[in-house]
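K.L.:
Build the complex from these two chains, which are given one at a time in their own frames, with help from the hints.
Order-wise, the sequence lines are chains A and B. FYI, the numbering for the first sequence is 8 to 86, going by the working numbering. FYI, the numbering for the second sequence is 361 to 563, going by the working numbering.
Careful: at least some of the hints might be erroneous.
Said to hold, decoys possible - Going by beta-carbon spacing under 7 Å, a handful of chain B positions derived as facing chain A:
id, residue
1, 397
2, 443
3, 449
4, 460
5, 559
Said to hold, decoys possible - Chain B stretches covered by chain A per the calculated footprint, using a threshold of three residues with CB under 8 Å from any CB of chain A:
id, stretch
6, 475-484
7, 517-526
8, 537-546
Calculated from the structure, these hints are not laboratory results. Backbone N, C-alpha and C fix where the C-beta goes; we use that ideal spot for every residue, glycine too.
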Amino acid sequence: MTKPIPQQLRHFLQTDPDDVACDEAIRLLHVYAELVASDPGEAATRYPGVAAHLAACGPCGEDFDGLLAAITASEHDDS
Amino acid sequence: MDSESAHWIAALQDSGIGHDDAVGRLHEMLLRIARSELNRRRGSHGLAGPELDDLAYQAAADAVVSITAKLEDFRGESRFTTWAYKFAILEVSSKLGRHYWTRHPTTSLDAEDWERLPDRFGLRPEEYAGQRDLVCAIRDAVDGSLTVKQRAIFVALVVRGIPLDTLVAQTGSTRNAIYKMMFDARRKLRAALVAGGYLEEDG
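One chain only, chain B, in its complex shape (with noise of 0.2 Å):
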């Protein structure tokens, strides 16, 4: 471990005044960071002046709680600045995940709207019409081959675009769970559309 990242370490393991001193300079870091993170994706959520420093703030807050939860579990594998900041990081995509439904409030996990797939998939409108067929066979195939699990996961976040950290705070469920069921879906869906010809098995 690098000599920077083991003071960090031993100050925030310190029982006296120096972990107050070494909390307090983590929060201002990764208050940084969360502030750096919500700018850098400001052109998808829509926030700006106190909305985004509240969120900052709650990501930055809720960080240094996970951190100083977890501190035996950092193996100095990285700079110790470099996994805290991990944490401010994914503070902040849960805390959007959640925003989302602030912005979108009329937004239904169950609505379907099928007229939104081919431009989920960049067909533009004069592409659609040579290409119905295709989207006839998605439609058919997310039915057919997926479990009812996998087709509603598909919906929601193909058919409506809504963010896979909308849906785990939505559903309680985890990113990690959510992904591996829509691979299955994709695993699913291709093999479908290969069956039907619509795509070579190596294309």
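Only chain A is shown next, with the shape it has when bound in the complex (with noise of 0.2 Å):
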């Protein structure tokens, strides 16, 4: 019986292969963020790799998080 593993330590271990990396994450960062603002779940269907590493990948989430802030201010100051 192996003692219960923090969850920080259990997040930082797991690796999903279908993870793009940085490079293809904000080759696709626009792409994805107009689709996570009109369709989250399309999104993530459409391109799980890049969910996967966002949700791994701490300076690509946060740009991510920055870049759908911007387009969602974007479109309250157009409306």
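P.N.:
The structure is reproduced here in structure tokens:
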């Protein structure tokens, strides 16, 4: 019986074989962010490797959050 | 491509006064995005006032240079503005990575402080006593399973807590290269902990 592993360590040790890594995620970030803004489920279905990467990579995840915030704010400004 | 995006591309490719006007509007737009992004991340960088504004100006200016050099890469898969925002946000990340050394001038890339490891993985002191074997096993796996380069990246990112973009700026490597090296290291560490009975195969 193994002792429970802290959640942060468990997350750190989990690697997703679908993870596309930083270059591909950043290449698609603008396309993915617009899709998430309109249909999050479709974004994860169409780009599972990008979704996997953004969940695992802190810096790319931060960039995605920033881009999503920017386009959401712009849409509010336009409306 | 939507009409607004096509208008941006045409204006930026214009050889006359329309070009200068478009570059000015692009810079103004990206300066707003860079400022917003720096404010959104204010909890992690401690910048404010003129220093924050200066970094926002640098990010916006460098993003404009990158965009005008890469206009032919824009395929209309998103709005032009979303594509352009991405450049500004990436510039903010890059510049904050460099700025880390200004805020942490005494931090060394080489120093190792393994006492921090339990905290890095969310182990509270009262839990650490019961998980001492696990922490030792991680350190043994780092020393025994990782390559010299993987170990150095692990120590910098995890033990020292140095941001990935700061390592990029410091080493001249890329975010992708460091991430992939760490990805392989994580797999090796997991395999070592499974082999040692600290983690179940599917856990």
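K.L.:
Grab the minimum C-beta distance from residue 449/B to chain A and call the hint holds if it beats 7 Å, violated otherwise.
P.N.:
4 Å, holds
K.L.:
Against chain A, is residue 443/B within 7 Å by beta-carbon distance?
P.N.:
5 Å, holds
K.L.:
For the stretch 475-484 of chain B, do three or more residues have a beta carbon lying closer than 8 Å to a beta carbon of chain A?
P.N.:
Our answer is that it holds, as 4 residues pass the Cβ test (under 8 Å) against chain A, meeting three.
K.L.:
Holds or violated: is the Cβ of residue 559/B closer than 7 Å to a Cβ in chain A?
P.N.:
6 Å, holds
K.L.:
Would you check whether residue 460/B satisfies its interface hint, that is, whether its CB is within less than 7 Å of any CB in chain A?
P.N.:
12 Å, violated
K.L.:
Against chain A, with CB atoms and a cut of 7 Å, does the hint on residue 397/B hold up?
P.N.:
5 Å, holds
K.L.:
With a C-beta cutoff of 8 Å, work out whether three or more residues of the stretch 537-546 of chain B approach chain A closely enough for the coverage to hold.
P.N.:
holds (count 4)
K.L.:
Can you confirm whether chain A covers the stretch 517-526 of chain B, using C-beta to C-beta distances below 8 Å and requiring at least three such residues?
P.N.:
Since 4 is at least three, the answer is holds.
This entry does not satisfy hint 4, going by the numbered hints stated previously; all others are met.
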